[in-house]
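Trainee: Got two chains here, separate frames each, mind docking them using the hints?
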Amino acid sequence: MDFGFLSQPAFSGGGTYFDWVITGIKWTMLVSLCAWVIAFTVGSVLGVMRTTKVVWLKGLATVYVELFRNIPLLVHMFIWYFVMPELVPKSLGLWMKQGMPMPEFWSAVFALGFYTASRVAEQVRSGIESIPRGQTHAALATGLTMPQVYRYLLLPMGYRIVVPPLTSEFLTIFKNSSVALTIGVLELTAQARTISEYTFRTFEIFTLATVVYVVITLAVVVIMQFVETKIRVPGYIGTGR
Amino acid sequence: MFSDFDFDVIQRALPYMGQGMMFSLGLTALAMIGGIVLGTVLALMRLSSIKAISLPASGYVNLLRSTPLILVIFWFYFLVPIAIKHFSGDSYAQGIGPFHSALIAFTLFEAAYYCEIIRAGIQSVPAGQINAAYALGLNYWQATIQVVLPQAFRNMVPILLTQGIILFQDTSLVYVVGLTDFMGAASKVAQRDGRLVEMYLFAALVYFVLCFIASLIVKRLQMRITPPR
Numbered sequence: 001m002d003f004g005f006l007s008q009p010a011f012s013g014g015g016t017y018f019d020w021v022i023t024g025i026k027w028t029m030l031v032s033l034c035a036w037v038i039a040f041t042v043g044s045v046l047g048v049m050r051t052t053k054v055v056w057l058k059g060l061a062t063v064y065v066e067l068f069r070n071i072p073l074l075v076h077m078f079i080w081y082f083v084m085p086e087l088v089p090k091s092l093g094l095w096m097k098q099g100m101p102m103p104e105f106w107s108a109v110f111a112l113g114f115y116t117a118s119r120v121a122e123q124v125r126s127g128i129e130s131i132p133r134g135q136t137h138a139a140l141a142t143g144l145t146m147p148q149v150y151r152y153l154l155l156p157m158g159y160r161i162v163v164p165p166l167t168s169e170f171l172t173i174f175k176n177s178s179v180a181l182t183i184g185v186l187e188l189t190a191q192a193r194t195i196s197e198y199t200f201r202t203f204e205i206f207t208l209a210t211v212v213y214v215v216i217t218l219a220v221v222v223i224m225q226f227v228e229t230k231i232r233v234p235g236y237i238g239t240g241r
Numbered sequence: 001m002f003s004d005f006d007f008d009v010i011q012r013a014l015p016y017m018g019q020g021m022m023f024s025l026g027l028t029a030l031a032m033i034g035g036i037v038l039g040t041v042l043a044l045m046r047l048s049s050i051k052a053i054s055l056p057a058s059g060y061v062n063l064l065r066s067t068p069l070i071l072v073i074f075w076f077y078f079l080v081p082i083a084i085k086h087f088s089g090d091s092y093a094q095g096i097g098p099f100h101s102a103l104i105a106f107t108l109f110e111a112a113y114y115c116e117i118i119r120a121g122i123q124s125v126p127a128g129q130i131n132a133a134y135a136l137g138l139n140y141w142q143a144t145i146q147v148v149l150p151q152a153f154r155n156m157v158p159i160l161l162t163q164g165i166i167l168f169q170d171t172s173l174v175y176v177v178g179l180t181d182f183m184g185a186a187s188k189v190a191q192r193d194g195r196l197v198e199m200y201l202f203a204a205l206v207y208f209v210l211c212f213i214a215s216l217i218v219k220r221l222q223m224r225i226t227p228p229r
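Read top to bottom, the protein sequences are chains W and H.
Residue numbers for the first sequence follow the working numbering, so the first one is 1 and each next one is one higher.
Residue numbers for the second sequence follow the working numbering, so the first one is 1 and each next one is one higher.
Everything labelled a hint here was simulated from the structure, so no lab data went into it.
Do not rely on the hints blindly, as some may be mistaken.
Below, a list of computed lysine-lysine pairs in the DSSO-like style, where the Cα atoms sit at most 30 Å apart [what the hints assert, rightly or not]:
| id | chain 1 | residue 1 | chain 2 | residue 2 |
| --- | --- | --- | --- | --- |
| 1 | W | K97 | W | K26 |
| 2 | W | K26 | W | K230 |
| 3 | W | K58 | H | K219 |
| 4 | W | K97 | H | K188 |
| 5 | W | K90 | H | K188 |
| 6 | W | K53 | H | K219 |
Every value quoted in this text rests on a predicted model; they were computed, and no experiment measured them.
Pulled out of the complex, with its shape left as it was, chain H reads as follows (with noise of 0.2 Å):
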């Protein structure tokens, strides 16, 4: 079945694979950071015992954890020219180009889920750590920001880097608006060569020893980092 596989191809693409790698390890890390960020901002607001704060939050993460991946990309890259458009005043003001849309639709998407990861990290705080904060007479934000989310974070560290690998894998979508990741790369040198087989098992392959290696790394994190009880 291998007999007229041509590795030759794979390495003629490598160059322009590489691009596309970096296309996607960039968005991943950007979408990570930006999702991580507004992800702990919804948590708290989901937190909040305040109606008129945490009912917008956790519309706003129910909304976008029942809503697939694709139709949030197609979303997004009809609504931000529009929004561009309208906030700048100026009808024929330029688009931010392929790659800000994805990075906005791959951020708002995945703080929701983010969201909920950080939400059950701060649930997981025990309360007599907040009670003793205030005790000592810090504020709200002291308390979350000093005692409450480092806490929670080093026991959500690799849940957070589960979550990125996911997002990793997730990245290979933005192949339905053409652009060009690893995934829309392979399959670009694909038709153009006409050898499907080969570079999409190559793809996989890629995919499988990056996801691989990076969940061994996370486990063996995981093992480290686990306070002592």
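Same shape as in the complex, but just chain W (with noise of 0.2 Å):
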């Protein structure tokens, strides 16, 4: 294995390979963390829904988890990126083909981020879900108003309690964001295929871009490890005492 090609200059655009490796990187970050804000916040709303005794708010979350998550998110990319601007009003569509900066990205990281928000949802429910009943009925016994129940009660234990199946989602949206490549986001993996293209170095380029993926898993598992500690619930079994 010889590294020396990373420090060559790249066929185009200036700089050397070693700098599209960082961009790579850099679009990857940004794709999964801007992807990771909308699943959250939106999968947080979806999975209240869901555990909600109001029927309508259940429906309409029950069919966004199951319309998205029965989707491969190939064709959520397919459908952000060239649908979307044919569906919406023609100005904003036009908009969005001309004038709207990054297009690519933006329609990566609605695509990861509202697919991965039907599995955010799905774990935000299963945390509610798992709190006795009897906490509740407690919780409303003292005088909470539901809303208070949920966000005193419900949402600080249930997001504690899925701290490890949230971590889990988190790494996935990380390796989900190479999918953004087939729309032409030019995130790690996609650099990769491109040096490899370039160069013929492509089991060193594999190799690297495979490394930077672990080492991105390996630093959210102990990142998430420490959250875990922190914020342990006292009690559960799996917390230790």
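Mentor: What follows is the structure in structure tokens.
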């Protein structure tokens, strides 16, 4: 293995191939983190909706979850990038095609974010549902309103219980961000493929990309383990004493 | 918004998309079988008390689980021809074709995920069962194959099938190497006829209907086979 080619000037665009790799990592991080903001917010709202007693809220959230997780992410990408501008009103569609800055990036963020939201929603729901019903009844009996029960009991406890599955969703979002290459986002996997086509150093550059993904995974796992020990609920199985 | 929606383009493309769907379903079925077989072996390896056996298996599983599927597909498109030339000793050896490369990539990738499901399934079998099997004089292989695995798989069937649905969705990613699976067929027609809206919405609908029905069936199966406790 010889990584010397990384310092060579790149085929186009100035800079070296190493700069391309750095750009790739930057886009992978940006797409994943922006999408996670959407996924976490929308997913939390949907998860809460699915646990309420209001039938139409529950139904709406169920339809969303089923619709989004039964369609492959690649199709989501294409729909946000190719189909959306045609379906919205003409003037907005025209702006999305011509005026909007970084259309690939935002399409990827929305596709990945709203797709992952359906999975986050299921985790949040299972967290809230795992809290014994007696606690909700007790909270209501002490005079809290339903929104207060969510605010002070169900959400703080629910989130803490589902930290491990949410961590794995967070890891998945970094891996899934590679699907953004299909609509032209130059993230890490795309850069690796392009560099391999220009330099024929396929083995080296794929190894480097794989190592970067493994490092991202390890970093997330370490950070989340720290978070987990910080906010663990005493007295639950698996939290040690 | 659907005023200039061209349903005719979908109808004309149906035979071609049907072929693509057969590709997707075939790839899913074969990769699922291969993934479960290899995943079982990996799970048994991971559960071994011998470090030399368990460490390589957990290394493999963790490595593949932290790598994006697209990168794995690229890896195998690059590695498989080299491996064939290396092992056959013939530097002019022909490749094995895109379908088989994809099949190898998906089998090896999904095996890592199946391994974790099967490992959890094996661990859910009460230890008393294994002790009883040993007490009856069965050896490791007899106890594993005749006592542990049947009970483990019975509990796991719904999760294994759910993973199969995810795998079916994942097969759409062979698009990145230009194969004509269902999504590949849809996008080729879409670009040839300039009918992106119709084709991609139709593809989304078909995926949704298939996966939704499959997940309903899995849910019913789960309720039926959950053993009485």
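Trainee: All hints are to be evaluated individually against the structure, with a verdict given for each.
Mentor: Structure-based check of all given hints:
1. K97/W x K26/W: holds, 24 Å
2. K26/W x K230/W: Holds: K26/W and K230/W sit about 29 Å apart, inside 30 Å.
3. K58/W x K219/H: holds, 19 Å
4. K97/W x K188/H: holds, 21 Å
5. K90/W x K188/H: holds, 26 Å
6. K53/W x K219/H: holds, 23 Å
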